[in-house]
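Trainee: Using the hints provided, position chain B relative to the given structure of chain A.
Protein sequence lines correspond, in order, to chains A and B.
Read in order, the letters of the first sequence correspond to residues 1 to 430 in the numbering used here.
Read in order, the letters of the second sequence correspond to residues 1 to 285 in the numbering used here.
Hint data in this document are derived by calculation from the structure and do not stem from the laboratory.
Watch out, some of these pointers could steer you wrong.
For lysine-lysine, the following DSSO-like pairs were computed, each having C-alpha atoms within a straight-line distance of at most 30 Å [what the hints assert, rightly or not]:
id: 1; chain 1: B; residue 1: Lys206; chain 2: A; residue 2: Lys289
id: 2; chain 1: B; residue 1: Lys232; chain 2: B; residue 2: Lys268
id: 3; chain 1: B; residue 1: Lys268; chain 2: B; residue 2: Lys52
id: 4; chain 1: B; residue 1: Lys232; chain 2: B; residue 2: Lys279
id: 5; chain 1: B; residue 1: Lys206; chain 2: B; residue 2: Lys279
id: 6; chain 1: A; residue 1: Lys289; chain 2: B; residue 2: Lys52
id: 7; chain 1: B; residue 1: Lys52; chain 2: B; residue 2: Lys134
id: 8; chain 1: B; residue 1: Lys279; chain 2: B; residue 2: Lys268
id: 9; chain 1: A; residue 1: Lys289; chain 2: B; residue 2: Lys134
id: 10; chain 1: B; residue 1: Lys232; chain 2: A; residue 2: Lys289
Not everything, but these chain B residues come out facing chain A in the computed CB check (under 8 Å) [unchecked claim]:
id: 11; residue: Ala181
id: 12; residue: His190
id: 13; residue: Arg226
Examples of chain A residues lying across from chain B (beta carbon under 8 Å, computed) [to be verified]:
id: 14; residue: Asp10
id: 15; residue: Ala12
id: 16; residue: Val17
id: 17; residue: Glu24
id: 18; residue: Val25
id: 19; residue: Glu28
id: 20; residue: Ala32
id: 21; residue: Thr33
id: 22; residue: Leu35
id: 23; residue: Thr38
id: 24; residue: Arg41
id: 25; residue: Phe139
id: 26; residue: Arg142
id: 27; residue: Asp146
Fair warning: this is a prediction, and the values are worked out from it, not measured in the lab.
Even glycine gets a Cβ: it sits at the ideal position worked out from N, Cα and C.
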Amino acid sequence: MSVGTGETVDAAEAVAVLGFDDREVLREGLAATLLHTTGQRPVFDAVFDLYFPRSVGAPGRAPGDRESLRDRLADALADNDRGLMGQLAVEAVDALGGYGSSPGSDGWSAHQTLERLRPQTLLARVRDDVRSRGAGTGFADRLLEDELRERIEEFRALVAAEARRRVAERRGRETIARRAVAPTADRVDFLYAGRDRLAELRRTVQPLARKLATRLAARRRRAARGAIDLRRTLRASLSTGGVPVRPVLRRRRPVRPELVLLCDVSGSVSGFSDFTMLLVQALHDQFSKVRVFAFVNRVDEVTGLLRHGAADPAGLGAVIRAEAELTRWHGSSDYGAALGEFAERYGLTLTPRTTVFVLGDARTNMGDPNLAAVREIAGRVRRVHWLNPEPRSLWGTGDSAAPEYAGLVAMHECRTARQLGDLVSRLLPV
Amino acid sequence: MFTSVDDVSARLAEAGYLASPAIATTVFLADRLGKPLLVEGPAGVGKTELAKAVAAVAGAELVRLQCHEGIDESRALYEWNHAKQLLRISAGRDETWDEARTDIFGEEFLLPRPLLTAIRGDARKVLLIDETDKADVEVEGLLLEVLSDFQVTVPELGTVTATQRPFVVLTSNASRELSEALRRRCLFLHIGFPEEELERRIVRLKVPGVEEALAASVVRVVGALRAIDLRKAPSVAETVDWARTLLALGADTLDETVVRETLGVVLKHQDDILKAAAKLELDAV
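Isolated chain A, as found in the complex (with noise of 0.2 Å):
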């Protein structure tokens, strides 16, 4: 996260019209002068948490036993009581979190807490609780057992928030603040993004592909009404006896943007799959003229499985693997027959007008990179990109044939949206 001088000044200033009285406000009025995007916030709000923790040391009365935390829990979960959950989350870390007990090797675990308090189990409780009380056959009660699970989330949460806590008391905050907090989205490495992850990703990912869209028409925009064509100038020009008044523009014929996706859907890039599920979504939802095509071993066009607007990545591969024919024999990926086999089957749709994106992370298992196939690609289309999700340093290690095929187009390291995004601004400047 950037914050610069002026950042800084402002958040004082901040403090000084707000006060420290209300935590709360404080929080809004900080998060106001230092965010400058929304993705920002949820690492903002960890990081406040630590340093502005809600209250200090252990809490003021003894712990109760498991059981009567759990009585409690479920009371506060009934009736939605958020106050109550944020104290029973303390109490809890408390009385169930701590392990170790020699200085260095103790601490506080969320995880710990967790795993003996099982909130989770109190689920069919709860309902049956709420149900009894209320009318409890409205329509909107069948969203009961949903929104109990969600506030069963928002407790975990709490509870990760508050053992984060203790320990920074221990251990420091400038290194739990370092270590613990979750970066934000647009910086987590593809290839080990959870599925909790995906849908942040899907929401860096989706205005991507748009400002890919817009920077295209963009450019057309502006060729259109770039170049002087003299012979229709001079043409022009006769009727004002020779001076060129109206300076005519060339017309373009306008020409749609072709993009080929060839993806690895193999099991060894499966964070980086989902990744690019994404990606091949949002790009079919912008342009009209994408054509996709998956491969493992062997390669098959899935532009048809793409339905405009379904937004399920996970689905999505799955059908993809479920629909197309991408292995034979084993399911391990090859990228030289897939490249040779795309060469041979899809190389005469590919023009000069065509931009080929390949995604994948370039490892062979040993087999023959074919650099045939992907020449003879190269020497058809305009541009060929390819995204690698492993960092650089591990290119060519291995049975990577990263270098071999950075020789022949060219290679980007893309392992997060961050990355994805420079890469866009950069392959497409305005």
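Mentor: Okay, now just chain B, sitting in the frame of chain A:
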């Protein structure tokens, strides 16, 4: 303009705008620090309404610049009234060129557009720059100048500086990344979907006559819809619309038939409607 954060919430509420604590705090800060306020968030959560409410509360004039692709300096800042200038020239036949020239670039022939209007004059003003992300990048440069110094330079007249700083609200749906420079000039506020309790109060306020129980279940269902992955998640405007529709239909509780028949008020894509129907366990829609 305001004395405290609570004062902001109370007075905005009087103007018919129920603000979350985040909104109230940020508005208070923007007023105190004299900085523009950049508001982001999905469509229909009340970004524009916020500016209107602030104007109403402060008794200020609302100046609105609606951004769109291709908007330029003459639309945003000022224009010369060419037709009137020509009239003036042809009306005064006998004068010298120097007299005519100084004359036709006077205040009288200036057509102030929103940005200049907001800066000129002594009256209190709220400047709303709506959908900033729709404007081209060049306009952002223009805004930078106006928003950091609150002044505009008209070559023929000189520099116009604001005597009274307007309260500036910029809104954006994040369809384009705004430049870092612009963001740095502003306080940042993200308005998301409101908390359940706040939304219930909003529905009750905007749709008088709706029963408490109905409002509660409408808000709950909309909350559940937001949790599903939809193309267009319903926002507050849709919740209010739905409550209005239900009221007009005379439905005082939600049941399967009513929901099935009115789902189109909340969801705007057929895909979404199908997905929501599956989720809510409605029979075929």
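Trainee: For every hint, state whether the structure bears it out.
Mentor: Each hint tested on the structure:
Using a Cα cut-off of 30 Å, the hinted pair lysine 206 of chain B and lysine 289 of chain A is violated, with the two alpha carbons roughly 45 Å apart. Distance restraint check for lysine 232 of chain B and lysine 268 of chain B: the Cα-Cα separation of roughly 7 Å lies within the 30 Å cut-off, and the hinted pair is therefore satisfied. Restraint check for lysine 268 of chain B and lysine 52 of chain B: satisfied, since their Cα atoms lie roughly 26 Å apart, inside the 30 Å limit. Simply put, lysine 232 of chain B and lysine 279 of chain B have alpha-carbon atoms about 16 Å apart, close enough for the 30 Å limit, and the pair holds.
Annotation: proposed proximity of lysine 206 of chain B to lysine 279 of chain B holds, straight-line Cα distance about 28 Å (limit 30 Å). For the suggested pair lysine 289 of chain A and lysine 52 of chain B, the alpha carbons sit about 42 Å apart, so the restraint of at most 30 Å is broken. For the hint linking lysine 52 of chain B to lysine 134 of chain B, the alpha-carbon distance of about 20 Å falls within 30 Å, and the restraint holds. A C-alpha spacing of about 16 Å is found between lysine 279 of chain B and lysine 268 of chain B, which places the hinted pair at or below 30 Å, so the restraint holds.
Taking the CA atoms of lysine 289 of chain A and lysine 134 of chain B, the gap is about 24 Å. The hint holds against a cut of 30 Å. Taking the CA atoms of lysine 232 of chain B and lysine 289 of chain A, the gap is about 24 Å. The hint holds against a cut of 30 Å. The interface hint given for alanine 181 of chain B is broken, as the beta carbon of that residue sits about 11 Å from the closest beta carbon of chain A, more than 8 Å. Hint on histidine 190 of chain B holds. Least Cβ distance to chain A is approximately 5 Å, under the 8 Å limit.
Given the 8 Å rule on beta carbons, the hint for arginine 226 of chain B is violated: about 11 Å separates it from the nearest Cβ of chain A. Restraint check, aspartate 10 of chain A versus chain B: the minimum CB separation of about 7 Å is within 8 Å; hint holds. Taken as an interface hint, alanine 12 of chain A does not check out: its beta carbon lies about 11 Å from the nearest beta carbon of chain B, beyond 8 Å. Nearest Cβ of chain B to the Cβ of valine 17 of chain A: about 5 Å, under the 8 Å cut. The hint holds.
A hinted interface residue such as glutamate 24 of chain A counts as satisfied when its beta carbon comes closer than 8 Å to some beta carbon of chain B; here the least separation is about 6 Å, so the hint holds. Because the closest C-beta pair between valine 25 of chain A and chain B is about 5 Å apart, less than 8 Å, the hint holds. Proximity of glutamate 28 of chain A to chain B holds as hinted, the smallest CB-CB distance being about 4 Å (cut-off 8 Å). Interface hint at alanine 32 of chain A: satisfied, since its Cβ lies 4 Å from the closest Cβ of chain B, which is below the 8 Å cut-off.
Satisfaction of the interface hint for threonine 33 of chain A is found here, the shortest Cβ-Cβ separation to chain B being roughly 6 Å, below the 8 Å cut-off. A least Cβ separation of about 5 Å between leucine 35 of chain A and chain B falls short of the 8 Å threshold, and the interface hint therefore holds. Taken as an interface hint, threonine 38 of chain A checks out: its beta carbon lies about 5 Å from the nearest beta carbon of chain B, inside 8 Å. Here the hint on arginine 41 of chain A is kept, as its CB sits about 7 Å from the closest CB of chain B, short of 8 Å.
For phenylalanine 139 of chain A, the interface hint holds, the least distance from its beta-carbon to any beta-carbon of chain B being 4 Å, beneath 8 Å. Proximity of arginine 142 of chain A to chain B holds as hinted, the smallest CB-CB distance being about 6 Å (cut-off 8 Å). Taken as an interface hint, aspartate 146 of chain A checks out: its beta carbon lies about 6 Å from the nearest beta carbon of chain B, inside 8 Å.
When each numbered hint is compared with the structure, violations occur for hints 1, 6, 11, 13, 15.
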